[in-house]
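Undergrad: Spelled out, the chains give:
2 protein chains.
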Amino acid sequence: MLQNDLILRAAKGEKTERTPVWLMRQAGRVLPEYREVRAKMGGFKELVKTPEFAAEVTIQPVDILGVDAAIIFSDILVIPEAMGLDYQMVESRGPWFEKTIQSLEDVDKLRIANGVDDLHYVCEAIRLTKQGLANRVPLIGFAGAPWTILAYMVEGSGSKTFSKAKRFLYTQPEAAHALLEKIAQSTINYLRAQIGAGADMIQLFDSWAGILSPEQYKTFALPYIAKITDAIYTHVPVTVFAKDAHFIRKELGALTSCHTVGLDWTMDARESRALIGEHKTLQGNADPCLLYADFKTIEHGVAEMLNAFGPHKHIANLGHGLYPDLNKDNVRCFVDAVKNHTW
Amino acid sequence: MLQNDLILRAAKGEKTERTPVWLMRQAGRVLPEYREVRAKMGGFKELVKTPEFAAEVTIQPVDILGVDAAIIFSDILVIPEAMGLDYQMVESRGPWFEKTIQSLEDVDKLRIANGVDDLHYVCEAIRLTKQGLANRVPLIGFAGAPWTILAYMVEGSGSKTFSKAKRFLYTQPEAAHALLEKIAQSTINYLRAQIGAGADMIQLFDSWAGILSPEQYKTFALPYIAKITDAIYTHVPVTVFAKDAHFIRKELGALTSCHTVGLDWTMDARESRALIGEHKTLQGNADPCLLYADFKTIEHGVAEMLNAFGPHKHIANLGHGLYPDLNKDNVRCFVDAVKNHTW
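Sequences listed follow chains F and C, in order.
Oh and the first sequence: position 252 is 251 in numbering that gives the first Met the number 0, straight run, nothing missing.
Oh and the second sequence: position 340 is 339 in numbering that gives the first Met the number 0, straight run, nothing missing.
Fair warning: there could be bad hints in the mix.
[Unchecked claim] Quick list of in silico lysine to aspartate or glutamate cross-link-like pairs, EDC-like style, CA-CA up to 16 Å:
no., chain 1, residue 1, chain 2, residue 2
1, F, Lys44, F, Asp85
2, F, Lys217, C, Asp267
3, C, Lys159, F, Asp85
4, F, Lys249, C, Asp267
Read the hints as simulated data drawn from the structure, not as lab findings.
If you're wondering where the values come from, they're calculated on a predicted model, not measured in any experiment.
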């Protein structure tokens, strides 16, 4: 049914004619066409909550960049909001929560999100996107991993150290587990709703994975990721991207409900393969800053990356989202270089 | 001559009666006594540049926390300033450079710092500290590693991604190498002056090591670290702390002019020992946020850390600097737990 299902086949470990490619934050400010739509809206959250516009910007990179998948335009913080903790997206400063979670009593007041009702606008955006894509490429749904969501709910904003969120783990471990459980249940509901609306695969983003110690990660992060992936992996392929968490690659390799492990650019391809094992697909992992370079340097970097990962069980991507000041032509050069690579 | 030379002996790989301990940022806002001195001064830079006060706050943690070494109170950005690129320390926002380095022409205009003349105030602070310490414990001198210094000189301030600095590496590699060479030469002069003034050991801080890819790190960071350590290691023990650069541990293990490798809390002790080899001393690596916990949890965390590293070739520390809002009593608990550990 899909005209291009390279990514789905790669995620399932099947051999593919060429390495599929998409880019984190491909629907975003790097595209002038996105900025035009964005300018029509009052703010980032309004765009997220307006399905027809969210669908439009989701499809743009498929047309403009030629990527092998779309990823629904949304935000990981729709989950705290659906659980009863509202946030604002402050221009050029990031998310900000008026109320934060500081105790077990605060956790008890939160509700478990019902994906279909509380996050109907995301499901509607997925349905519209699927119509617009008309089976050209698969659509990726996503959510934040529970630790990253907790980090924002406790810290109340972005942070270099997330020391308030980490203090919460050290000083109130029971409240932390209660919160993580509620987030995980909400996320399962949410992702099932996304799959029901048409998402063809799912990625969990653990953006702040790398600030936990290996022990903390095994206690407060990985078990809740496993709950989520266990609940959905029989329906669609699942990717886990634990940014900067070099120390958890071996354990992610052993997580049977995860098909693909995302890698950042500090993680060597061959070392990661050895740690993760032969049975997983790996995703990544070019440095986004490579795309500031000239075309020749980008093409050379892409060839090195592809040769390091090999021709199968690899989905080409960056090791982080596109930076907004990158040039669209350089991004396109990256995508073309992957697609034109000869082994 | 020194009454307590545990750290020096541990750094040289000798067996010690117990594991020595000090803390990054031990001279700082975590101590009320520091905040009192700081309040007398116009600003952070004034404190750095006033040797008698810099010496006073350097000695404070030896008296108050009971650590096994002092580290001279200063800033890694004294080097850019000594090379001709002035900076301001903006309260609660960090460093800010009015002019930044954007081209080879900018690099050519910089001078190579002469440690004894351009940084006489640091040398004077070291001499006063040595007098005040009266041989109780060793004094650690330090500098930033060249990549981290370049990052600030090009970016002009702190940053989540340092994408301008990394773009400089990708688009102007020759200018980057010229700048790194000038920084390395300046740093060698500076550290020789620190050693001449009385520093008993030296630590290089590569605070932004972890945002480079392994390849970029081997090209733009490690060779310049090696130049510096090669120039000083016959005089005093040298520690290299490449924060977040999990991928470079094996290469640091092979750097013969480095005695001690600093580890952050994401780096497992046993895995790091296997990567780095048996001949180096390891330093670290508790999560600073452990010190938010109650005493029992801190003591348990210390025991786990010490048992993981073993009784020799280990200098206990955190995996990053103390956070300013930590409680002094908790910090003291950490130090005492190391000193009272029984094997």
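Undergrad: For each hint, tell me whether it holds in the structure or not.
TA: Cross-check of the supplied hints:
1. Proposed proximity of Lys44 (chain F) and Asp85 (chain F) is supported: the alpha carbons are some 11 Å apart, at most 16 Å.
2. This hinted pair checks out: Lys217 (chain F) and Asp267 (chain C) have alpha carbons roughly 13 Å apart, not beyond 16 Å.
3. For a cut-off of 16 Å, the pair hint linking Lys159 (chain C) to Asp85 (chain F) is broken: about 25 Å separates their Cα positions.
4. Between the alpha carbons of Lys249 (chain F) and Asp267 (chain C) the distance comes to roughly 13 Å, so the proposed pair stays at or under 16 Å and holds.
The earlier numbered hint that this structure contradicts is number 3, and it is the only one.
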